[in-house]
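Chains as they are written, first to last, in my numbering: chain W, 1 to 307; chain F, 308 to 630; chain B, 631 to 1026; chain E, 1027 to 1277.
Keep in mind that the hints were calculated from the coordinates and are not lab data. Hints are not guaranteed to be accurate.
[Stated by the list, open to error] Only part of the chain E face toward chain F is listed, based on derived beta-carbon distances under 7 Å:
#: 1; residue: Arg1089
#: 2; residue: Ala1091
#: 3; residue: Val1100
#: 4; residue: Asn1116
#: 5; residue: Val1118
#: 6; residue: Ala1120
#: 7; residue: Ala1130
#: 8; residue: Ala1133
#: 9; residue: Pro1144
#: 10; residue: Ala1145
Virtual Cβ for every residue (Gly too), placed ideally from N, Cα, C.
Now for the letters of each chain:
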Amino acid sequence: MTTALIVSQVLNGLQLGVILFLVAAGLTLVFGVMDFINLAHGVQYMLGAYLVAVSVAFTGHFGLGLVLGLLAALALGFVMEILVFRHLTRRDHLEQVLGTFGVILIVTEAVRMIFGSAPIAFPVPATLAGSVTLFPGLNYPVWRLVILGVGIAVAGLLWFLVNRTRIGMLVRAGSTHRETVSALGVDIDRLFLFVFAFGAMLAGLAGAMAGPLVSVEPTMGDRILIIAFVVIVVGGAGSIKGAFVAALLIGMVDTLGRAFVPDLLKSLVGRSAAATAGPALSSMLIYLLMAAILSVRPSGLFGGRTA
Amino acid sequence: MSPLAPAPAVPRPRAGIGQTAALMALLAAALALAYGLGSSYGAGLVTRTAILALAAVSLSFLIGQAGLVSFGHAAPLGIGAYAVLIAGEYDMTNILAVLPLAFGAAALFALATGAIALRTRGVYFIMITLAFAQMVFYVAASLSAFGGDDGMAIAARSTFFGARILKPDLHLALLAIALLAAAALGLEHLAASRYGLMLRAGRENETKLEALGLDPYRHRLIAISVAGGIAGVAGALLANQVEYVSPSTMNWHLSGELIVMVVLGGSRRLGGAVIGAMVVVLLDEALGRFTEHWKLGLGLVILGAVLFRGAEVRALLGKFSHG
Amino acid sequence: MTHFSTRAVLAAAAVSLVSVVTASPGTAMADPVKVGFVSTLSGPSAALGVHMRDGFMLALKEMGGKLGGQPTEVIVVDDELKPDVAVTKVKALIERDKVDLIAGVVFSNVMMAISRPVLENETFIVSGNSGPSPLAGKACSPFFFAASYQNDQNHEVMGKYAQDKGYRRVVLMTPNYQAGKDAMAGFKRHFKGEVVEEIFTPLGQLDFSAELAKISAANPDAVFTFMPGGMGVNLVKQYAQAGLSGKIPFLSAFTVDETTLPATQDAALGLMSGAQWAPSIDTPQNKAFVAAFEKEYGVVPSLYAAQGYDAASLIDGALKATGGKTADKAAFGKALAAAPFTSVRGGFTFNTNGFPIQDFYVVKAVKRPDGKYATQVEAKVFEKAQDAYVENCPLK
Amino acid sequence: MAEPVLALDRLNKSFGALHVTRDVCLDIRPGEVHALIGPNGAGKTTLVSQIAGSLKPDSGRIRFAGEDVTRLGVAPRARRGLARVFQISNVVGAFTALENVAVAVLAASGGAFGMGRPALADPALRAKAQDVLDSVGLAGRMAVRAVEFSHGERRALELAMSLVQDPELLLLDEPMAGTGRAEGEKLTRLLLSLKGRIPMLLIEHDMTAVFTLADRVSVLIGGAVAATGEPAVIRSDPVVRKAYIGEDEAV
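Between the sequences and the hints, there should be enough to build the whole structure, so can you do that?
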C-alpha cells in the first residue's frame, strides 16, 4: 500500500463527505427550523442535476448554465414549499414522512415522463476535465478537487450565515426555541419558506457537483437521501456543524471501508469468504456506525434536543 | 409530534373488533367470489392483500398504540421470508416449524435492534429503524448461498408433516386470512389489556408515566418484538405465495408503503391497516393496468390523502362515519 | 394522525375489491394472440427495459400490429426489478389475461423467479435479454427460448479478446451479485493470464474513486468490468476523469452500450465491449431496423432493442408456421425452435437448449458523423458459438 | 426525631457558567407540609427536577424514604413513593379520568404487563379508581376525557393519580397556577384534607395557599436557601421580605 494510494483514498473520502454535506445541509436546516422531515430532499438533488444539465446544454456554457440551473432549483424550491410543504409543517412526523414520500413518487415519475428513464448527459466542463498530478505517483481528477473546494466554500458560507447574520441567528434560535422566535414577532412561516428554498438550492448544487461523476437519472436521489439522513441524525438533526462533521466522517468511513476492508478481511478470513463478506460489510459500515453512535448518543453527535 | 396539533382521539380498541370482523368477512367473501368466478388471479390478489394487511396491522399496533414510527418494518418481514427459504434448504418445510421459526427470527431481530433503537426518539427513531433495515438488506444481499442479491426460489411451499397442504392456492389464501384475523383480534385484545393501556399512556404522555414510576421501555420493546414477529409471519406467507425470496423484499420502499397503508386506513384502529392494505394493493393494480406511469398516480393519491384530510372535510364526513 | 371516514373508505375498498376480483378476461371474441411482455420500466435500470420494449413494439408496428398475421394484444408489465413483484404480475398475465406466451425480461433474477411458475404452467417464454445459466443447462425447458444470448457469452468474448491481445495482467471488477460472479467466471473461461485482483462492489454503487485508485496503483494491462445500467455510467465517467481511459484498456460487457452512451458521451469513446450485435452490422435487415428505430424513438438502438425486435420477429415467424395457433404446444415449440426469422444480427439458429448459436464481436464506442454515439464492430471473436452449458441440458 | 422523608444535602447544579443550585440543604419531615417559595429565576424548577430525578445534580446527595436516590432516574424514584404533580397539569389528555387513574394504579401495583383481560373490565380496579376520584371531587366525571376538564379539575385528577399510588411524598409544583379563585380555594381545601397523612413539598406562588397549608417554609433566592422556618418567622424575616415577598404582599 503506497502513500499515494492512501492519500488519494483520503481525498476521495473527503470529497464524498463534501457532497454528502451539501445534500445534508439543506435537510438539516429544514429540520432544524420546523422540525420537518423531508424525504423529498433527494428528488431536489436529482432536480438540481437535471436543471443544471439542461441549462448547460441550452446555454452551451457551464458557468452560466450552473447559475441558471441553481436559480431554477431555488425557484422550484419556492414553488414546492408554497404548493405542498407549508401545508405539512404543522403535521406530525408520520404525515410528513408520508406526504413527502408521495412527492418523491410524483416528481420522480414526472421527470421520467419528460426526460425518459435513460441517464442524460452531464459532461465535465472541458476546462475542468482530466486530472492533475498532485505529487509524483498521484494523479487526481480536477473535478473532484473542484467539488472539494466548492464544498468547503459552502461550508464556510453557511457557517458565516448561521453564526454571523440575523437570519442565521433566527435559524439557530428557531431550532431550539420556536415559540420564543415567534414571540419576537418573526414570521416563522416566512423564515421556513426561505430556508426551504435555500435548502433546495443547496441540494441542487450537490446534484450539479455530482452530475459529472454519476449517472443522472430519475432515481438518483433515492440512495443519496438515505445516506443524507444518516448524516443528519449522526450529526444531530438541526445542527450544521453536526452535518459537516458527520458528512466527512461518513464519507471517510464509506470510502476507506470500501478501499481497505476487503483487503483487511482477506488477510483475516481468507480470500473466498472475504470476497462475499467484504462488500457486504463495507456497504453496512455507515449504518453500523450510525447505530453505534445513536446507541451512545441518542440525539447524535451535536444534537441538543431529542426531536 | 407537533405540539400544535389537537390531541388525537385515543383508540377505543374494543370498538374495533366489529370492524375487524367485517373486514375479514369482506376478504373471505372476495375470495369466495373469485373462486366462484374461476378467477384464480383474483384469489391471488386477495391472498396478497391479506398478507400485506397482516404486516400492516402489526405496524399499526406499533404506530397507533405504541407511538413508534418504524421505517424499517420491511426488515422483519424479509427475515420471515428468508426463514422459509433457509429452512427449506435444510429440508425443513413443516408449517408448524416454519411459521414459529419465522415469527421467532423476526421477533428476535426486532428485540435486538429495538433495544438500541428505543434509546432514541422522534426522527432519530425513524432513521435508526431504517438503518437497521438497510443493514439486513445488505446482509441478505451477501448471502451467496441463498441467492445473494438475486434471491432464489424456495424449495417448496410449506407442508404439514409432509402433506403439501399449501399447494392449492385456496389453502394459502385461507391460511393468510385466518392468520390475519387471529393477529388482528389478538392485537385488539392486547390493546385493551392492562399492558395495552400502559402502552398507549406511554405514547400519549411519557413524562407522566415515568413520574408514576413506570418506564415504558419494556412495554415498547414487547410491542416491537410482537409486531416484528407478526411481520415475520407475513413474510413467511409472502415467500410461500411468491415461492421466491430476494433482498428486494426488504427495499425501504416497502417499509414506506406499509406506513402508507397504516396511515391511509387510519392508525386509530387496527382494522384501518387492513383497509389501507386493500386500498394500496388495489391502487397498484388499477393504476398499473392504466398507465406505465402508475407511480405518479400513487404519489398523487398519497399526497392528496395527507393534504386534504383537513379538519373541515373530516368534520363533514365525521357526521356520517361516527354517527 | 390522519384518519378518514371509515365507512367511506371501507365502502370504496369493498367496491373496488369486488370489481378487480371479478374482472374477467375479455369475453371470448375471435381470440387475438396475447403476449405478456415483462420488462423493467422503473428504477435506475429502466433504460434497458425501455429499449427492449421499444424494439419489440417497433417490430409489431412494422407488422401492422399483427404477429403471424393474427391480431395481437401485447400487455406490458413493469417488473420493477423486484422478483416477487414480477412473479405476482406474471401470474396475473397467465391466470387473468390468459396470455399465450411471456416475452421480454431484462434481468436474470427476475427471469429465475418467474421461470418456474411460467414453465410449470407450460407457457412459453421468449427472452428478450436474460439468459441465465441454469435455464441453458440442467434446468433447460422446451418452453424457453432466448432471442438474446447466454449470460456468460459476452464476458467470454472479452476474455478471449484479452487473451488474443496478449494481455497478461488484468483486474476484474463487477458488482457483488450472481451475475457479477458469472461475468468473472465467463471472462476467465478463455483468459489464461494473471488476474491481479477481483474487485466486488456493492450493487448500485455511486462513487468508484476508491476502486479506481486501487486499479491505478495495480497498473494492469487491462481492466475487465461488468456494470450494467447506472453503475456503468458512473464508472465510465469516473474512469475517464481519473485519466485512466487512454492508459489502461477498458474491456466490458453490458456497460458501454447505446442506453448509456447518451449519458457518458466522449468519456466512453474507444472503450471495448463484447456483444452479439451492434448497429454497424451490415445486413439489410439491420440497416432498416436501426434507421426505423432512430426515426421512431430518436435514439440509437442498443442490443436490448435489437433483441426485443428479434423476439417479436421470432414469435411472428413461429406463428406463421403454425397458422397463428398456439394451442398445440408441441407444434408451437417446434416452430419456435426452427427460428423461422431473419435476425438483425445475421446468422441465428437455436441450439437444443433454446439458446442461440451465433457470432460474437468486440465492439467499440464511437461518435458517428451525425454526432450520435454508438458501438461499432471492431472484430469478430467467435463464429457460430454455442454456450458452455448446453451439454448439461437433457433436451435433445 | 424520625428520619426525614426527603433530605437534600448540599446540592449543586450549574448550566455552563450559570450556577442555578447552590449548596441546597432541605429536609421534609414525616407528615409535614413544606413550602418552597422564591422569586422567578430563583432555581425552583431546576431544584424540583433534581428532586424528581429528571436532572442529575453536579454534586450533593438526595436521600428519600431512607435511601440514597441521587443516582436513580424518575421512574425508580416514583416507585419508591415520590409522586409529582406537575406545574403544567400532566395527565393523559386523550384518556378518560377512569383510564388516567387506572394507569396510575397499574403503574403502582405492578400490573402493568397484564395481557389477559381487558384492563377496564376489572371490577377491583374500577372500584379503586371510583374511590379516589370521589375523594378529589371528580365522582361524576369518570368517563369524561381529561382534555375536556377545567384547569382545576385536571389538577385534581393529577392529584388523584398521585394519591392512588399511596405516596411517601407529594411533590406539588405550583398546583394553584392557572386555576381560578374558586378552584384554587377548592384545591387548597383538598390539600388541607390530606395534610398530616401525606408529607408534601409545595412549590407555590400563591401566598394565601402557602400560609394556609405549610408547616414550614423555605425561601430560595439565587439558587440558595435563604431561610427556612415556620410561616410566621418567614413572614417577618427582613431578608425574605426585601428579596421576595414585598411589603404590600406580606399580610
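Consistency of the hints with the structure:
no.	hint	in the structure
1	Arg1089	violated, 18 Å
2	Ala1091	violated, 13 Å
3	Val1100	holds, 4 Å
4	Asn1116	holds, 5 Å
5	Val1118	holds, 5 Å
6	Ala1120	holds, 4 Å
7	Ala1130	holds, 5 Å
8	Ala1133	holds, 4 Å
9	Pro1144	holds, 4 Å
10	Ala1145	holds, 4 Å
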